[in-house]
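Heads up: the protein sequence lines correspond to chains F and D, in order.
Our numbering puts the last residue of the first sequence at 725; the count rises by one with no breaks.
Our numbering puts the last residue of the second sequence at 1619; the count rises by one with no breaks.
Simulated from the structure, these hints should not be mistaken for lab results.
Incorrect hints may appear among the rest.
Stated by the list, open to error - Listed next, the in silico PhoX-like pairs over lysine-lysine satisfying Cα-Cα at most 25 Å (straight line):
#1 Lys702/F / Lys1429/D
#2 Lys1289/D / Lys294/F
#3 Lys702/F / Lys1506/D
#4 Lys39/F / Lys15/F
#5 Lys1515/D / Lys1399/D
#6 Lys1269/D / Lys1399/D
#7 Lys192/F / Lys1289/D
#8 Lys1383/D / Lys143/F
#9 Lys269/F / Lys364/F
#10 Lys1253/D / Lys1273/D
#11 Lys116/F / Lys1515/D
#12 Lys702/F / Lys1253/D
#13 Lys1273/D / Lys39/F
#14 Lys236/F / Lys364/F
#15 Lys675/F / Lys523/F
#16 Lys579/F / Lys523/F
#17 Lys567/F / Lys1269/D
#18 Lys443/F / Lys1506/D
#19 Lys675/F / Lys642/F
Next come the chains, spelled out residue by residue.
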Amino acid sequence: MDKKIGVYICTGCGIGEALDVEQLSNLAKSECHAALCRSHANLCGPEGSQLIKDDIANEGVNSLIIAACSQRVMYDVFDFEGTILDRVNFREQIAWTHPPKDEDTQMMAEDYLRMSGAKMSAMLPLEPFKPEQEMSTDILVIGGGVTGMTAALEAAKAGYNAVLVEQEADLGGFQKNVTKNVVFPFKDVQENEIAQLAASVKNNEKITVLTGSKVEKLAGGPCVFNATVKQNGTTSDHKIGAVVMAAGWKPYDPAKLDKRFGYGDSPNVVTNVQFEERAKAGKLTRPSDDRALKTVAFIQCAGQRDPKHLAYCSSICCFTALKQAIQVKQQDPKANVMVFYQEMRTPGQGEDFFRKAQSEGVIFVRAQAPEVLNVGGKLAVEAFDELLGDTILLDDVDLVVLATGMVPATAFGEDYKAKKPDDGEKKNEMVSSVDSIFISDILNLEYRQGPELPELKNGFPDSHFICFPYESRRTGIYPAGPVRRPMGVSNAIEDATGAAMKAIQCVELTSKGMAVHPRAGDQSYPEFFMQRCTQCKRCTEECPFGAINEDEKGNPLPQPTRCRRCGVCMGACPERIISFKNYSVAMIGDMIKSINVPDEYDEKPRILIFCCENDAMPALDMAGLRRMQYNSWVRVIPLRCLGSLNLVWIADSLSKGIDGIMLLGCRHGDNYQCHFIKGSELANIRLSKVSETLDRLALESDRVRFEEISITDYAKVPGLLDEFAEKLVEIGANPFKGF
Amino acid sequence: MADVETQSILVVGGGMTGLTAAIEAAEAGREVYLVEKNPYLGGRVAQLHQYFPKLCPPTCGLEINFRRIKTSGKVHVLTMAQVESVSGRKGAWDAKIKIEPRYVNEKCTACGKCGEVCTREIDNPFNFGMDKIKAAYLPHDMAFPFRYVLDPSLARSGEGQTVKDACEYGAIELDMEAKTVDLKVGAVIWATGWMPYDAKRLDTLGFGAYPNVVTNVMMERLAAGNGPTKGIIVRPSDGAAPKTVAFIQCAGSRDENHLPFCSSICCMASMKQATYVRAQYPDAKIIIFFIDIRAMDRLESFYADLKKDENVTFFKGKVAKIEQDGATKNLVLRVEDTASGSLNTITVDMAVLATGMQPNTSVTPQPAFAQRDDYGFIASLEVTPGFFAAGCTRTPINVSESVQDGTAAALKAIQAVVRR
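With the hints as constraints, model all of the structure from the sequences given.
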């Protein structure tokens, strides 16, 4: 495409008062290769946008530089089909934050125009990715329990084919052994409807049910997954679009419990799971001799909410205990049933079920550490009752039921990193903190970074559990049900439906060549110039989503449908061979080089800010909204993610004579906020390597700095920038200036 | 043409649930109308300072969601709008939407000139009336849509013309009137969310009478950088730094006289707010009065960590009454000690009532077929074919669960409009 560049400068919202627009128009023509440059007092108004439309129609303008407000606003006005667009933020980041008609303010606007010109020269029109293979929109569901069956059924109801893989001979998962349950809105105990669910799954012609089977290998990526499923000794291959991973949970091993729970001492101490098995067998009796139950004790939080066992709360055990207590009561209203609890957790309308149990005559004892005693073969429970303020003893207990918790299926198996033999290669120091992947034999991904989903905490494989709970770190694979978070049946049904939604959305976007969350709709993707690859493996190791495989020689094998378009690989590559059509190392490098750096006698230092466009950049905009002023020496380059920062830009900047560089990124570590998981962490690690280089160049390492900025830190940002500017004055000019 | 089936989806409520439902459906290729009664999207979440348990700002995730709206181009946002009626059937619903006048049109650039010249002030609804703002205002810094609003009192006053004249872009329309829009949609998702239970009805706890008794939602605004105190938590009576803060759990919740259900988020919200106070005042003491601490799943770790803080006391017991010391405006709490049955007296500088979530559906009109439970929730996902309830309309839940529920509702809606 031959670019015909039009530059449009808005003079509204204070821009005209702050800047010499005529001078900028001349600069646009002389330095930005603009065929034409126009200004308008209200570019976003109907007349202003018509001006642009007319130029597109009559003048053949196809590349637009719009110097007006932030790209975050008026996005719908400045949206012209078939053009390449760059927005220059003259309003929030110049006119609203710097003194009007000031030499430094004007120089800032000049530089931003130059930078946009450089960017425009490098940007190419997007061509959405289309794989060579035919794309599938079928949904693979792993796990045939409530969650998996629901996911398959809900996907089918929306018109998609589903392949349901269940390792056991029958569908149903854990729930097939549960006779009665309690579901939202938690009014009463009812018959389990799992059999009806299984029947409707089996009868649905869009669902292929594979029982007694497992996924042996999952290769490819969204819309081009190939799932190799082994069933009864034979294997079959399935073309898959996206995956709902509903592998469920296993009960915590009761043999590991503290002695005080008495598990193993007597057959009459069972877990809540064993209670279900007995109920199913029609044996709600004393295990040792099958006598009728007269006194039953339920002990909650057995090996839960306890860092030595499960640190978390399994969420459902209170409901389970209430249900089981009611079952005992309904069998014999005269039975003495006591629930020893630490905290009763029945949120929402679940409170009704707590009241229901109370009205059935179940007794509740708040006690933090009840102890099961075995006195001559007879069981007793001793506990300090917090409400009575006294120790109580329940004796002649026929059955003790321990509330053991849920462990996600993903938490089992050896740690992949620990197992991997040290191949004697030089360790990549750039790789950030360890991400555990347990070889849990669920997905068996043919991925370079490991066969399963990386865990976040406690073995649960999610990545952004507050805002985007379905996201995992493997594109197109959505964990659902208790494998994602401990949950009961009602919640699992919701969760399965939501995960099916995400899987469907993934195939819809991917099949159009678009990215999924968080850059949903993005049609750019990274391209690798393989001739210059040195097989350093940084891209394959650092991709937060494990999107890049490797051949045996160490060459990257990118799988674009797995890519989230963050650019972390582009930032990692020392050879700068990874580029997007509209985002590349060379493009940002050209933007840096386009900045006019005055020589040291002008006493105008230059500070380059690389900032995360999702959080730090809006924070800068908000500082503008509040008309906060900050140093006019700064030049801001927003990045897709700070993890796309390539170190060559630091070198480019310093050799250009730029005095200081600041990175503004999201919080990293355990409570990371980075939408690409580790972008800001990687940028920080990379930056720490720069100080060595600076020393080698006899430059002060204080010239580069990393700051964590959240989106709401806008009151803090101006001070941070001003303070850095003062520091740079103290250090003195970059000695490379003028070379 | 009354019975022609359409494939678009109506989402009622632009809070976390509705926002999610709308975007998820749009990203799967569906046309969505998102109706929100506030002049901005984000609902209750937009007013939170931080999320538990990561203590991160909600605007971070909201920004991504707003960006998703911008990119998809398929979510048609109607703010200051409420549904007047819905009738029809799956695939062919007729919805009447009433849009209140904003007095500002889409030409608004948010330049702020109208606010500059405006002298009339109103109570700031975003900060629960704890401060004043100009009557020509941006609802909050991160508002989406990023567009000003004129309070009706300004539009109707003589000053309206002055404010209109200050706008260089013809964005102010003083004669804007409420209008009704008819939409034809194939599926409806009802996600109108919740309101804080009216703390004035808890007559023994002194809210409204004693300035230093605040609610949990007010506490979020007090801690927020764009709140009435610029994020500094102070006693409303004298602006002093609180040395002791009491959090009173189940203020209305789990109470047959008020909200018999558990609002499920208040334990975590109070513990989170305790960390706000502790971060600002290293010597401040916190007492949390509770029945049961409900920190479900991984949220338990947040509770476990807070218990390690020596300045935080968890007190199992119910606050029977709050009185005010007239001179100091300190609060005197009468507390039942459940173990001994005796009444204790504890004096604090400030008390935060963990008021519960009352479903908006308990007071606002909705279609007759949408049956409410005893508490006013529409307690089922599929209310009738093609009409779904989600989020806190169904049950009191936190942000993550609202996203989960909104995503599920999006698929149910798509199933209702899909052409086979």
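Status of each hint after checking the structure:
For the hint pairing Lys702/F with Lys1429/D, the CA-to-CA distance comes to about 12 Å; that is within 25 Å, so the pair holds. Pair hint Lys1289/D plus Lys294/F does not hold up; C-alpha atoms about 52 Å apart against a cutoff of 25 Å. Note on Lys702/F and Lys1506/D: the hinted pairing is violated, with a Cα-Cα distance of about 31 Å set against a maximum of 25 Å. With a C-alpha separation of about 20 Å, the suggested pairing of Lys39/F with Lys15/F holds against the 25 Å cut-off.
This hinted pair checks out: Lys1515/D and Lys1399/D have alpha carbons roughly 24 Å apart, not beyond 25 Å. Distance hint between Lys1269/D and Lys1399/D is unfulfilled; the C-alpha atoms sit about 41 Å from each other, more than 25 Å. Taking the CA atoms of Lys192/F and Lys1289/D, the gap is near 23 Å; set against the 25 Å cutoff, the hint holds. As the CA atoms of Lys1383/D and Lys143/F are separated by approximately 23 Å, the hinted pair is consistent with the 25 Å bound.
Between the alpha carbons of Lys269/F and Lys364/F the distance comes to roughly 20 Å, so the proposed pair stays at or under 25 Å and holds. With a C-alpha separation of about 31 Å, the suggested pairing of Lys1253/D with Lys1273/D is violated against the 25 Å cut-off. For the proposed pair Lys116/F and Lys1515/D, the alpha carbon gap of about 61 Å is over 25 Å, so the pair is violated. Of the supplied pair hints, the one linking Lys702/F and Lys1253/D holds, its CA atoms being roughly 20 Å apart against a limit of 25 Å.
Of the pairs offered as hints, the one joining Lys1273/D and Lys39/F holds, with about 22 Å between alpha carbons and a cut-off of 25 Å not exceeded. Note on Lys236/F and Lys364/F: the hinted pairing is violated, with a Cα-Cα distance of about 30 Å set against a maximum of 25 Å. Straight-line distance between C-alpha atoms of Lys675/F and Lys523/F comes to about 18 Å, which keeps the hinted pair within the 25 Å bound. The hinted pair formed by Lys579/F and Lys523/F fails the criterion: a straight-line CA distance of about 29 Å is larger than 25 Å.
For the proposed pair Lys567/F and Lys1269/D, the alpha carbon gap of about 21 Å is at most 25 Å, so the pair holds. Taken as a hint, the Lys443/F and Lys1506/D pair is honoured in the structure, with Cα atoms around 20 Å apart against an allowance of 25 Å. A distance of roughly 20 Å separates the Cα atoms of Lys675/F and Lys642/F; the hinted pair therefore holds under the 25 Å criterion.
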